Each structure stands twice: as C-alpha cells, then as structure tokens.
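S.K.: This is what each chain is made of:
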Amino acid sequence: GAVVSQHPSRVICKSGTSVKIECRSLDFQATTMFWYRQFPKKSLMLMATSNEGSKATYEQGVEKDKFLINHASLTLSTLTVTSAHPEDSSFYICSATTSSNEQFFGPGTRLTVL
Amino acid sequence: AQSVTQLDSHVSVSEGTPVLLRCNYSSSYSPSLFWYVQHPNKGLQLLLKYTSAATLVKGINGFEAEFKKSETSFHLTKPSAHMSDAAEYFCVPIWGGNTGKLIFGQGTTLQVKP
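Chains as they are written, first to last, in our numbering: chain A, 1 to 114; chain B, 1001 to 1114.
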C-alpha cells in the first residue's frame, strides 16, 4: 500500500512556542489530506481537511488560528500548533487520499507541551 | 441520522480463541464500511473494507467481516487470536456523497491474554 510519513514522531516543547508537524505522501500524490487528533484511550477526532493549493476546511470547534494547516504541494501538508499550551498535548495523525479515494494514515506525532 | 456503534469498548480473549468485535450502523442507506487497527502509539492500518461487493470480506492477518444488511451489522472476526492482535480497533462508515472524511466511532480495545 501507499506510504505516509510524519515528522517528527515525538516532540516536546515549552508552553507558548509553536510546533510544526509534517505529513508526507511518499509514493503517491495526495490532493487531499486529513488531520486528526487523538486523546489517550480515545478515538480519533477529525480536525480539518487539507486541500492542495487552497485553504483548509476546519471541523466545528477547531480553532483555525491555533492549528495552522498548509498544503503547499501534492505530497506535503503541515500542521502548526501555535502558542502551544499543555492542553494541546496529544497524538496527532494525518492521512492522505489516493486518486482511488483510498486513505492511508501516517504513524502519528506525539506532542507534549510542558 | 447516520451513525455507527461499536458495542463493546473492551474485549478480552485468550490466545488461540476466537475474536468477535461488533459494529452496527444506523441508517436507511447502506454505507461502505472499514475496519482499522491501531497498535499502541502507532498510526492506523486498514484491516478490510466492504464496498457493496461481496458481503463476506477477508482482510489481513486472518481477520474477516460479514456485512449483514438485515442486521445493519459488520462484525469483525478471527478464528484464533494471537498476542500481536492486541490493539485498538475502529469500525468506520462512509456514506454516499462523502468527501472522504472519516468519522471514527469510539473504538474497541482488544486484550489478548496468554
């Protein structure tokens, strides 16, 4: 199957700083990528849909100024958590959709905000 | 309203015994249905999917699921559990016209005891 990578896999940052997470489709082009957030022992919550070359579409309750998404190319989407706070600590997972609408997930990024 | 319910939040089996993870959907229309598995601190992997072709779907790692329209169910089964099957399992529906967004249910934690 297609491969999606995320970088970094783990990041620890101080409160008030910003953190960028990258999501890459390694062997296919993805016009659409999705960002999810997962709390411990909980399900995945869709945060936003990232479309190449256009603004992301955020789900209700997700602050677009807090979670900046950029999808500058067909193989890369980035999620920047701005002015991070401890409550932003979570497991962030991206997925990318192939031309046949099959979705592949990245391995996730563990964010810890101190 | 369209929704999916995973009836058990936690299932515990002994190694070598059968696995049954239950999933029911609620809708007048039959969705496509996916089962994903997530190992601890990992991304998601597609186990199998139903897209209105054969109602009995075989997936990876010996898992299979049967779509039963009369029961609005898509239960996941495996004849013999292995220790490596211990993970979180998600049943995810997609209804017609969906833009690709996946809405995850609460998930089922599978524990496999030696």
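In case anyone wonders, no lab produced these hints; they're calculated from the structure. Errors might be hidden in some of the hints.
What the hints assert, rightly or not - With a Cα cut of at most 30 Å, we get these calculated DSSO-like pairs of lysine-lysine: (1) K1058(B) x K1113(B); (2) K42(A) x K1049(B); (3) K1058(B) x K66(A); (4) K42(A) x K1101(B); (5) K1042(B) x K1113(B); (6) K1101(B) x K66(A); (7) K20(A) x K1042(B); (8) K41(A) x K1042(B).
Keep in mind it's a predicted model, so treat the numbers as computed, not measured.
S.K.: Below or equal to 30 Å on CA atoms is what counts here, so check K1042(B) against K1113(B).
M.R.: 21 Å, holds
S.K.: Is the Cα-Cα distance between K41(A) and K1042(B) 30 Å or less?
M.R.: 13 Å, holds
S.K.: Is it true that the CA of K20(A) sits at most 30 Å from the CA of K1042(B)?
M.R.: 19 Å, holds
S.K.: What's the verdict on K1058(B) and K66(A), does the C-alpha distance respect the 30 Å limit or exceed it?
M.R.: The given pair, whose Cα atoms are some 42 Å apart, is violated under the 30 Å limit.
S.K.: So if I understand the rule, the pair passes when the alpha-carbon distance is 30 Å or less; does K1101(B) with K66(A) pass?
M.R.: Holds: K1101(B) and K66(A) sit about 21 Å apart, inside 30 Å.
S.K.: Given the hinted pair K1058(B) and K1113(B), is their alpha-carbon gap at most 30 Å?
M.R.: The hint holds at about 24 Å.
S.K.: Has the given pair, K42(A) with K1101(B), been kept, meaning a C-alpha gap of at most 30 Å?
M.R.: OK: K42(A) and K1101(B) at ~18 Å, within 30 Å.
S.K.: Within 30 Å, alpha carbon to alpha carbon, are K42(A) and K1049(B)?
M.R.: 22 Å, holds
In summary, the one numbered hint that this structure violates is 3.
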